[in-house]
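Listed below, chain by chain, are the residues.
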Amino acid sequence: MTLFQETAAAAPAPGAIGLAWLLLALPMAGFVINGALSIWRPRAKGAVSVVGPAVLIASFAVAVAIVLQLWQASPEAPYILRLWTWLPVDTLRIEFALQIDQLAAVMMLVITGVGSLIHIFSVGYMRTDDGYARYFAYLNLFVAFMLVLVLGSSMPVMFIGWEGVGLCSYLLIGFWFNDKANADAGKKAFIVNRIGDVGFLVAMFATWQVAGTLDFAGVTAWASAHPELAGSGVITAITLFMFLGCTGKSAQIPLYVWLPDAMAGPTPVSALIHAATMVTAGVYLVVRTSVLFSMAPLTSTVVAGIGALTALFAATIGLRQYDIKKVLAYSTVSQLGYMFLGVGTGAYAAGVFHLVTHAFFKALLFLGAGSVIHAMHHAYHATHSHDDAQDMRNMGGLRRAMPWTFALMGIATLAIAGFPGLSGFFSKDEILAGAFARGGEQPIYYLFYGMGLLAALLTAFYMARLMTMTFLGPNRTGEAERAHLHEAPWIMIGPLVVLGILSLVGGAINLPPLVGGGAGLEHWLEPVTAPAARFFRLEEPHGSTELFLVGAAVAIGLLGLAWGYLASSRRAIVPAREAAPETGFWRAVYHKYYVDELYDAVIVRPLLWISRVLLWGVVDKGLVDGAAVNGSARLSRGLGWIGSRLQTGQVGVYVVLFLVGALWVLRVVVG
Amino acid sequence: MTQFLASIAYDQWALHALILLPVLGIVPVLLVPVASARRVALVVTVAEFVLSLGLWWAWQPAAGMQLVTSVPWIPRLGVSYAVGLDGISLFMVLLSTGLMPLAVLSSYTYITKHERAYYALLLAQAVGMIGCFIATDLFVFYVFFELLLIPMYFLIGIWGGANRLYAAIKFFIYTMFGSLLMLVAILVMVWKVAAVTGELSFSYAHLLANAHAVGSAAPWLFAAFALAFAIKVPVFPLHTWLPDAHVEAPTAGSVLLASVLLKVGTYGFLRFAVPFFPSVALSPTVSALVVSLAVIGIIYGALVALVQPDFKKLVAYSSVSHLGFVMLGIWSGTVQGVQGALMVMISHGLSTGALFFLIGMMYERRHTREIAAYGGIARVVPIFGILLTVVALSSIGLPGLNGFVGEFLVLLGSFGNHPGATIIATTGVIFAAAYLLWAIQRILFNRLDRPENEGMLDLNPRELVVLIPLVAGIVWLGLFPGPVLRRMEPSARQFVETTAAGHASAAMAEVAR
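Those protein sequence lines, which keep their order, are chains G and U. Per my numbering: the first sequence = residues 1 to 671. Per my numbering: the second sequence = residues 1 to 513.
No lab work stands behind these hints: they were computed from the structure. Note that the structure is a prediction, hence the values are computed from the model and not measured. Where a beta carbon is used, it is the ideal one built from N, C-alpha and C, also for glycine. You may find that some hints are simply not true.
Unchecked claim - To be clear about the criterion: a stretch of chain G counts as covered by chain U if any three or more of its residues have a C-beta under 8 Å from a C-beta of chain U, and this derived list gives those stretches: (1) 81–87; (2) 170–181; (3) 198–205; (4) 611–619.
Next comes chain G alone, as it looks inside the complex:
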């Protein structure tokens, strides 16, 4: 039996592309080894430190080889590697197959590349934890599933990865499971994601019904062959259901609520899963099925609108958080909103571009925050203090103790704020420019553009606030603790340096013609986005309009940075323990507009009440079991009692009864 057969629409899969299965197999092997170690040799931390990152680095090497080969071949159609037939039922035939194309290439580089850096960082960050081996087992498993998600050649195979990463997220959020808050957060993430998954599933069922296939290539071919369906109800319904799935996985309104709570997991997990990779799966799905979205203008408007709204809404919450990870969490929700604004505009390449640069600078920010928390935690641990190591009010002035972390997070801050020349500047600018251009045909996109621009201002503000409160001004950690604050070891700083370089120059992958670039990523992705461009062409602005848009974005970013710095450095900040509670409007912002409380009151508690009181109490115990079942039992007992009364023992009564009965039978038979 051959393990897999290679089939390719363009050419037989040669060389490295034929080894794509190794991409998944390596982290999967890491999961098995680390999992076994966690059960039988939990103290073998040396082995874990080697195996955990090594499988990722090897996987990255394979990815690089594949991408180089793809670069040379530049095929128009994807390579498909069939591993085995997964679901063969009648006309349905789902192969467990991997799809290698330009989009998959970008994703696999980000996942294994940024993933490797985060694995290396984790060696320093998690080494002292009792669950070290278990941690790496989960992390390796996550990468394997994430690669299934982006390489799966059909929706159901992608769904294996889609739910698999959700499982790993669940396990890692609740990694320190003996704390109820962590276990709650993990469960919340899984269940909220499942709400979205219903959308994805229904979209699959409907797609199968109309297209008769669930392969991405097949769906794209089918859609391209049916241009008359553009704008039809069925495509709109399919894409809306699919987007519901995206709002779950990528934390958009109304299903974003799980992501801030997900910060309960170890910080490198937040960097890898809840910033760089998993949460971008929704954006990836839209680009992967872009031909469907491009045929549904209504859905695209909804995608862009939800994206813009989420970008703005989440940014406002980020303004008033004190937990350093919470700020970054809302920032991630907000930045994901930008990506959806991009893909909802038809700027699919811009969405992917921002996905990549965001992976660089947000991973850097989270790992930097991890480095800060690591130092704070050590300091508090040394003095047996129970103060919050993540509260920025307890920080301040850390630039002296942690110059590397400060400088690198500074780069990331400038990148996310859109400082000219840095990676985030180019990608965000492209999304905003796209939205503005689309406004020419659909004016509502001007509104989305405005919301995006406002969100950019707030982004710069909360990032400047974060940097100021953490690194500048006087230190508020505590007299005794101050001496224990130290820079992280090199195994943690090293990955930060690499991410810092990428955040600085990452924009180079897609430089616009305005600065003499060749829009490399956009052209690279053309084989993937071309079918969609047929239905939903976007004319990027040029000339003075383009210059005006760039100028506005730069001005807004700089304004936000300055405003954030001034507002935070002038304010007298007291340590969290001494801080007065928030009042007025900021209280509502601090409590995230009470959306969690609202969901709890409107959905969760009524549902539990209905289940417990109405369904279980009234229907099950009362009506079905009480009235119907036991009632009929009582009835038959009653009849039995009447029957026993009739057994009087007097022959005469029996004779009368017999005669009545016999006459009745006779009447039935004859009559």
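Chain G is fixed; fit chain U onto it per the hints.
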């Protein structure tokens, strides 16, 4: 393998041996010293399982019955001892024989009184289960159907929990009511068919071929069959015997009840109720009714499971939810839906069986099934924690594990004919995640705040031997369901095509009239 089986004429005697072996096994179990009864039962059930494995090769993927035998039994009444196997029953038989050794093994320390009688009844239960799935004569089927009832009644009534008598009697009366109705329906059908064809016969093939002879009685006969099977499934609102029976039954009883006995109900729909009377079963009214009850079962079962304080009761209600998917699949009208239903039947057997085993293991350690009595124990019993998590994920329907395959196929298959119902049913995946993840959080995670849980022992080798095969099956069927799906396909397609044709011709006749 195929050649070896042919050389010993396996297909000639295998099915009879599967019935006979446990029957003969009862004798030594009752005669040996008490302490050896369990070992003898284990040997018999393992032998039974090994014997059944040959079916995988001896049975060829094709439509219709194979390994058929028919011997006249009561010729005057047209009763024959007739058995056979198709793609539907094959896996039900393998599921039954595969679970039996595990059921015996899990009882080693759980059962501490009247061991000989206990193991003898388990073997009798096996006879009933296998007999039901291979019978191709309705009289024989009825006998085995009744045989399912009696050992389980005693298993619950003697070795059950505190409220065992109430549960046992409730179980008995509920299902007895259904099976008596079915007996009447069988007799009427045989009589009516005989009146038209002139041949008095309980043969399944004969009745199936001439089922139209029942004429206007079809709705009543279908109702009687359907009611009998719906109680067994159980379909909402006929389900309330199930939580009581599950909670009170000993571990092995719960496992067999959930994994196999419930499937006799859905099997009955697939084998008898729908193929005999497709014009009734697939009529718009009945179809709408069944699909509605299936969807209600899915959501209702999940929501009620959510609020159960007793873990065993939670799993019992989750069965109501899962079996709703099976009913939806049977009425989907597509090959995908029907195969999905069959996959759910198998998957539910593995994962719910494993859940009940795990609950039994918890109970043996702490003598309580209250979820609130646990918490944070993943730290003390990590292997138990891992296995419970994997099994729960299978039950939740995580893709890559077995549960997903069936549910996905059912929903995919039913969307075309019942889009609204399918969308509602799909939301069941949210509630499934909610009730199981919440339960395992309260058992495995959170703070370890009860000192009595700190000394809990992790699973011992015997318990691992019980669970590992199930977990292996859960992973294997999730990733490589192909060989199983391909074997079911001809039978599933035959079911879909013949029932659709039967329904269509009846509708035409209606129009012609």
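Apply the coverage criterion to the region 611–619 of chain G and chain U: a residue qualifies when its Cβ sits closer than 8 Å to a Cβ of the chain, and three qualifying residues are needed.
holds (count 5)
Residues of the region 170–181 of chain G with Cβ under 8 Å from chain U, three needed, outcome:
The restraint on the region 170–181 of chain G holds, since 6 of its residues have a Cβ under 8 Å from chain U and three suffice.
With a C-beta cutoff of 8 Å, work out whether three or more residues of the region 81–87 of chain G approach chain U closely enough for the coverage to hold.
Holds: 4 residues of the region 81–87 of chain G have a Cβ under 8 Å from chain U.
For the region 198–205 of chain G, count the residues whose Cβ lies under 8 Å from any Cβ of chain U; is that count three or more?
With 5 residues closer than 8 Å to chain U, the region 198–205 of chain G meets the three-residue bar; holds.
Hint check: no violations occur; every hint is consistent with the structure.
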